[in-house]
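Generate the whole structure from the sequences, applying the supplied hints.
Taken in order, these protein sequences are the chains called C and U.
Residues 85 to 372 (the working numbering) are what the first sequence spells out, left to right.
Residues 49 to 687 (the working numbering) are what the second sequence spells out, left to right.
Think of the hints as simulated: they come from the structure by calculation, not from any bench.
Idealized CB from N, CA, C, for every residue including glycine.
The reader is advised that the hints may include incorrect statements.
Between beta-carbon pairs, the in silico distance windows are [said to hold, decoys possible]:
(1) U:H145 - C:V349: 53 to 63 Å
(2) C:L185 - U:G415: 29 to 39 Å
(3) U:A558 - C:A344: 51 to 61 Å
(4) U:N618 - C:L185: 28 to 38 Å
A few chain U residues that face chain C, going by a derived Cβ cut-off under 8 Å, partial list only [claimed, not checked]:
(5) L474
(6) R506
(7) I508
(8) Q510
(9) S525
(10) G527
(11) E532
(12) L534
(13) L536
(14) G538
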Amino acid sequence: MTSDVRSDQAEGAAIDHLQRVPVVAVICGLVLLAVLVCVVAGGWLAPQDPSAQNPLLSAMAPGHGHLLGTDELGRDVLSRLLSGARSSVVGPLVVAAGCLLIGATLGMAGAYFGGVVDTAVNRLADMVYALPALLIAIVVLGVVGGGYWITVAVLLLLSLPYEIRLCRSAAMVEVRLPYVDAARTIGISAWRIIFRHVLPNILPTVVATFLLDFVGALVGFAALSYLGLGVPPSSPSWGTTLAEGQSLITQNPWLSIAPAVLIIVTASSATLLGDWGHELLAHAGTQR
Amino acid sequence: MNTEEGAARDLATHLHPDDAGDRSGAALLHVERLNVAVGPVRRARPLVRDVSFDVHRGQALGIVGESGSGKSLTARAVVGLLPAGLHASGSVTFDGHQLIDAERRTWRALRGSRVSLLLQDPFTMLNPLQTAGAHLAESLPRGGHHSRSRQRDEIARRLGEVGLAAEVAEQYPFQLSGGMRQRVALAVALARDPELLIADEPTTALDVTTQAEVLELLQSIRRSRGMSLILITHDLRVAFSVCDRVQVMYAGSVLEQSPTAALAADPAHPYSLGLLLADPPVTHYVAELTAIPGSVPQADTVADTCAFAARCSWAQPECAAARPPLAPVGPNRTSACLRLGEIHPELRAALSHLDQPAAPPPALTVGDPIAAITELRKTFHTSRLAGRARRTTALDGVSLQIGEGESVGLVGETGSGKTTIARALLGLITPDAGRIDLAGIDISNYRRLDRRQRRQARRIVQAVFQDPYTSLNPALSIGTTLREVLDLRGDVTDSRHETADLLGLVGLPASYAQRRPVALSGGERQRVAIARAIALRPRLLICDEPVAALDVSAQAQVLELLRDIHRRYNTSMLFITHDLSVVRQMADRIIVLYHGQVVETGDTATVLDSPNHPYTRRLINAIPSAQAPSGHAPDRSEP
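Written out as structure tokens, the structure reads:
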């Protein structure tokens, strides 16, 4: 039968897979771990007070005890970036987590119940999809006046449709399989089937989209902070630091380069880790 | 030592090639000590070991085995189409060309034009965007500048050869039935007039009547062209109906090679006998179905013993000591059984039991109806978005009753509405019209039932689904799956103990509770599915093709288990199947469905022995004969 050929093929691929040492995944994991440490203890790790001004050392290149130099007001850049990690990362994390909870639930419910529920969920996703996300965020925040948690809420709403659609399509495959029929036949309730039977089987997709949502929100947050929306300008964050550095690029280029590199490295690590996690989890089902 | 000796004997058998090919000189295909392994060279795990056989011109060889036997891999190694990560060694010679590690150019010259492969699944092997005609045009010989009309005539002729009308050329795969697709695929495989056709389970995905037609077609084309054929199948009856010779494979090794008639009448290996016995007869009821205990091992775990020793009732310590070589045991026959000399009479005696006069089926005491279906109708619509809206009538006024303690067989082909009835009874679909009574509850519209009634209905009826590979949640352990059901029952205090009891009931060790479905064989998974279904102690158990996806040896085990449950708990059963021999063993009464209507109903024996409706007769005639038909005797010679 072809089934043995297929399982042998899967096995061959699995062996292939295990032989490849995921160096990239390890590095990405370490990067994200370091970022998380900064989120938790950034202020404590900072070598100097991030808001201590020193007009004499304004916009200095690295040196004089300032590893990455100083900004316009003479504040230590390294300290500002370390303590700014919290406001730069927590918001995106909340966005991703919220997407996961609401989006995955709605997506799975749409796939499972079908009919009116599915249509409602889909139209909601379509509607939000049709909006030019960042533009809407700018308008809303401009009108409402910004604020950290309002930014989180807006970004959350705008990234929902991706999560809904991906989870819905992954769940659509699962709800047609006989094990879901079997669960219904036994008399298990709909929500229990959704969370206990469907969710574990679409976990690879859920985990991967969580990290992708995080990346999207991280970049979105930085962009809004850069524009002066979202994070209040006085508080340190990667996006605001990047914006401040623009005018001082000749005096201290590190003021712009360092936050940009931080954003890129964090975002790439999360993307690659999500990719690897997806593959790993998807394989887990085929192994004993 | 044993492998060398085996090689010597293999060689000996090759020096005495058999039947038709004898006269036409050397074999067309000569396979010698073919090995297929997976993984890196140093730690390679064998999947196929030391397979040697010949196929002569005009000869048909059947390779028979259960899943994991290596029969498909053998065929794929022969045509050089092994999946990535697998590699073959040994020797495969086709008309003088060495094919193992052959260059691409050699392959291109051979594949399609001289050797052709026909695959199992007619639903995926045709390109959905190409018409049947385009498929054929692509594979017809390229030589010469055919004019359009000449090509069209050629395509029509080719379609005619496989019994299709010329108009089919204009149609896309989705417009064709499974049988028609398989015919198109066959026409494509034959387009360049190959000398050898390798057919890998060509009829497994088809209905019984379609299967009979396709097999008949294969046979007649092979004869008229004098083409050689390798037919790979798990079904001995299919191999017997088409092939001159049969090679039985098990866990990567060949256990027996024999002319068809000789194998059917007098198997020379305990496993061949087991396969013959495990196939339930359609002609009469058997009081106890013979199953081969256990399941097929991985090829690498039995590398140094007789592969079948662990499941063989004749096994002795010497069987496990070394890998027995294939030894000649008669004219053109080899067997890998060490003890054949001693046990051959016993094998013959065991086989003669199969044809013993029928034991009467146990007397039936039918109580009040537990389920009654009246004038049930259901039509499926496809959405207008996908082109033309289409209506399919699945049920066209079906009425039937199932009595308490009765086992009813529901027989019919794909699309006859069998599964729709099951799903309606389970509340998974809502019928358009009609009434379903389940022990006094009207369940025709499940959504209208209140919570208590719904729960009551779920307690009464439970189901075992067809495909054990998808009917268990792959993410949950067996124990979790079963405990979930037991928790619903509400009266279970020690669910761990109860889970162990359930597993014991279906013949599985309690330790399986920790395993995930992927670590279980198909038969074991189906047992778990049965355990899940009977955990709620239902009064009616619906079995929707419960053994169709299982290997022959696991089939008998599962059928016997279901019978046991039926007898022990007096559970009513609705047994849905297309296999009449299964229904003969399982059902007290038969209902024959055809295009959503009941066309015949009556006692199992009455319906199967003297069918009234022409459709029922067609179903019965379509069963491949278990005995080798005299017309295809091995000494038959073809031009």
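Hints versus structure:
Between H145 of chain U and V349 of chain C the beta carbons are some 57 Å apart, a value that agrees with the proposed interval 53 to 63 Å. In this structure the supplied range 29 to 39 Å is violated for L185 of chain C paired with G415 of chain U, their Cβ-Cβ distance being about 51 Å. Remark: the range hint 51 to 61 Å for A558 of chain U to A344 of chain C is upheld by a beta-carbon distance near 60 Å. Range check, N618 of chain U to L185 of chain C: Cβ separation about 49 Å, and the 28 to 38 Å hint is violated.
Taken as an interface hint, L474 of chain U checks out: its beta carbon lies about 5 Å from the nearest beta carbon of chain C, inside 8 Å. Given the 8 Å rule on beta carbons, the hint for R506 of chain U holds: about 4 Å separates it from the nearest Cβ of chain C. A hinted interface residue such as I508 of chain U counts as satisfied when its beta carbon comes closer than 8 Å to some beta carbon of chain C; here the least separation is about 11 Å, so the hint is violated. Annotation: interface hint on Q510 of chain U holds; nearest CB of chain C at approximately 6 Å, less than 8 Å.
Evaluation of the S525 of chain U hint against chain C yields a violated restraint, the C-beta minimum of about 11 Å exceeding 8 Å. With a cut of 8 Å, the hint placing G527 of chain U at the interface with chain C is violated, because the nearest CB-to-CB distance is about 14 Å. For E532 of chain U, the suggested interface contact is upheld, since its CB lies about 7 Å from the closest CB of chain C, less than 8 Å. Among the interface hints, the one on L534 of chain U is violated; its C-beta lies about 10 Å from the nearest C-beta in chain C, farther than the 8 Å criterion.
Look at L536 of chain U: its Cβ gets to within about 6 Å of chain C, closer than 8 Å, so that hint holds up. For the restraint placing G538 of chain U at the interface with chain C, the shortest Cβ-Cβ distance is roughly 11 Å, beyond the 8 Å limit, so the hint is violated.
Hints 2, 4, 7, 9, 10, 12 and 14 from the earlier list are contradicted by this structure; the remaining hints agree with it.
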